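Peer 1: Sequence:
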Amino acid sequence: MTPRASVNSFGYGGANAHTIIESASLHVPEAHRSTPHTGDNSNTYLLAFSARTMKSLRENLRAVASSEQTNLNITDLAYTLGSRRSKFPTRGYMLVNPSSLFNTSDHDLQILSPSTDASPRSLAFIFNGQGTQYPEMASKIITLPVTPSVYETKNMPSTPSRIRGSLYGTAVVDALGGPVEFHRRGTFAPVTSYRFNANFGLKPGTWTDDTSTMLCLAQSLVDTDGQFGIHDQIRKYVNWYYDGYMSATGKCFDIGNATSQSLDIWRESTMEAGNISAVELTYYQNMVDRALTHERACGNGSLMRCAPIPLVYHRSPVLAQKYAALASTPTHPHPTCQESCQVYTHLITLIMTQPAITKAELFTALHEFRFTSTVLRTTFDRYKVDGDRQSATSFERFIQTPNSEIKSSGYVVHTLEAALWAFFSTLNFQEGALKVVNLGDDADTVGAVYGGLSGAWYGIEGIPNEWVCGLQSKSTLDQVAEGVVKLVEKGGYSDQ
Numbered sequence: 001m002t003p004r005a006s007v008n009s010f011g012y013g014g015a016n017a018h019t020i021i022e023s024a025s026l027h028v029p030e031a032h033r034s035t036p037h038t039g040d041n042s043n044t045y046l047l048a049f050s051a052r053t054m055k056s057l058r059e060n061l062r063a064v065a066s067s068e069q070t071n072l073n074i075t076d077l078a079y080t081l082g083s084r085r086s087k088f089p090t091r092g093y094m095l096v097n098p099s100s101l102f103n104t105s106d107h108d109l110q111i112l113s114p115s116t117d118a119s120p121r122s123l124a125f126i127f128n129g130q131g132t133q134y135p136e137m138a139s140k141i142i143t144l145p146v147t148p149s150v151y152e153t154k155n156m157p158s159t160p161s162r163i164r165g166s167l168y169g170t171a172v173v174d175a176l177g178g179p180v181e182f183h184r185r186g187t188f189a190p191v192t193s194y195r196f197n198a199n200f201g202l203k204p205g206t207w208t209d210d211t212s213t214m215l216c217l218a219q220s221l222v223d224t225d226g227q228f229g230i231h232d233q234i235r236k237y238v239n240w241y242y243d244g245y246m247s248a249t250g251k252c253f254d255i256g257n258a259t260s261q262s263l264d265i266w267r268e269s270t271m272e273a274g275n276i277s278a279v280e281l282t283y284y285q286n287m288v289d290r291a292l293t294h295e296r297a298c299g300n301g302s303l304m305r306c307a308p309i310p311l312v313y314h315r316s317p318v319l320a321q322k323y324a325a326l327a328s329t330p331t332h333p334h335p336t337c338q339e340s341c342q343v344y345t346h347l348i349t350l351i352m353t354q355p356a357i358t359k360a361e362l363f364t365a366l367h368e369f370r371f372t373s374t375v376l377r378t379t380f381d382r383y384k385v386d387g388d389r390q391s392a393t394s395f396e397r398f399i400q401t402p403n404s405e406i407k408s409s410g411y412v413v414h415t416l417e418a419a420l421w422a423f424f425s426t427l428n429f430q431e432g433a434l435k436v437v438n439l440g441d442d443a444d445t446v447g448a449v450y451g452g453l454s455g456a457w458y459g460i461e462g463i464p465n466e467w468v469c470g471l472q473s474k475s476t477l478d479q480v481a482e483g484v485v486k487l488v489e490k491g492g493y494s495d496q
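full-length UniProt numbering applies: residue 1 is where the sequence shown begins, and numbers increase by one.
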């Protein structure tokens, strides 16, 4: 029977290997098996030594060098030392030929000391074999500047920190982007901190309509104890529009076309005198629908204020999705606007409910979202590679998209895409904030949407303190944020 051994290695990601080893004697001619091998003593040979200690190793060398066997076969010696001796941790080697063997010293011995380093080794990459591999994938991904962060599991901040981070984050990036709103990309000095807003004559750090309407929604959820009173939300928006409620300056100085048109309609109702009836609510909502359910009305005015919904209702994702769509309808009833709010809510809900998650995993949730809006599906499907399976590859494509291909207009789809691009392709809150506002155009709103998502991810501690402290009318934000935190901590909302 021929002695053979089979060795298998089943590695990660399909890196499998199989080899068969058999006795070397089968490949040695019969005549050579019993004939002493004289070898060519003019060649150089490698002599391997091993011992338990350094002292023993040197003694072994001296024993060989002092041998009086003048007919010593150096080939046999090399074979015996390398193959027939026990392997001990202290090892050494030397290169010799017959003329130099008996003139060697300790200095000719190359010592390989046993390693005492017990520190853990770092793991670079393991691909799990779930259909996410393609040739040279690792070599491409490892070169991405965001790789260490987006593929690293993040332990999320506390729930209060995420809530405050989202609310303050909205205001901070809104205030950063406000001064370059309406400015074409590349026509202004890059934004690096707060600056005077010449568009409306505002002090540095002043937030705009994006934060005002977000605070209206947040305060409504607090005032109704989480019961989601759509009439109360509308009343607060109208009070902001006409009386400056929740404004950083005491008046409404900036408002989108769809929002102003819809609030003019709602002001005609009797809601300012008290609770509006269901019949009247339906009547005026139908008026808004007729006026604003067209493609030109797909602005970002409901998306920019949406963050409080997932912050308050994150424990009930289905309810959060329902209310995200419903909260859009008073001013932006188009289905694309509603679904944009649902996508945004879905991502923040995951951030709020997961104790640890990676950005790559969060992108997978976006990748797998079941869009009903054709334009939203088309927008995000263009990043997909090889159908639905290659989420990792799609993520790579998305975060490497150059800013020249990212639009930052007031169109809700552009706003959502730009905010998500800035979030997924950067390493910290500050980097993403500056990246997104320097896109220009509707910079305050795109920034606010980024800030609400990114602030929930990084928490209030992740936002530069000088930005938080530099906000105008910060006390208003403080009051609303504390109200939302207390509401969530007591679980004060209904699933009905």
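Please keep in mind that the hints were generated in silico from the structure rather than gathered at the bench. Computed from a predicted model, the values in this text were never measured in an experiment. Honestly, I wouldn't trust all of these hints.
Said to hold, decoys possible - Once the Cα atoms are required to be at most 25 Å apart in a straight line, the calculated DSS-like pairs of lysine-lysine come out as:
| hint | residue 1 | residue 2 |
| --- | --- | --- |
| 1 | LYS474 | LYS407 |
| 2 | LYS486 | LYS435 |
| 3 | LYS490 | LYS251 |
| 4 | LYS474 | LYS203 |
| 5 | LYS435 | LYS407 |
| 6 | LYS322 | LYS486 |
| 7 | LYS154 | LYS203 |
| 8 | LYS407 | LYS154 |
| 9 | LYS203 | LYS435 |
| 10 | LYS407 | LYS384 |
| 11 | LYS55 | LYS322 |
| 12 | LYS486 | LYS474 |
Peer 1: Run every hint past the structure and note whether it holds.
Peer 2: Verification of the hints:
no. : hint            : verdict
1   : LYS474 / LYS407 : violated (31 Å)
2   : LYS486 / LYS435 : violated (33 Å)
3   : LYS490 / LYS251 : violated (33 Å)
4   : LYS474 / LYS203 : holds (13 Å)
5   : LYS435 / LYS407 : holds (13 Å)
6   : LYS322 / LYS486 : holds (23 Å)
7   : LYS154 / LYS203 : violated (36 Å)
8   : LYS407 / LYS154 : violated (29 Å)
9   : LYS203 / LYS435 : holds (22 Å)
10  : LYS407 / LYS384 : holds (19 Å)
11  : LYS55 / LYS322  : violated (78 Å)
12  : LYS486 / LYS474 : holds (18 Å)
In this structure, the earlier hints numbered 1, 2, 3, 7, 8 and 11 are contradicted, and the remaining ones agree with it.
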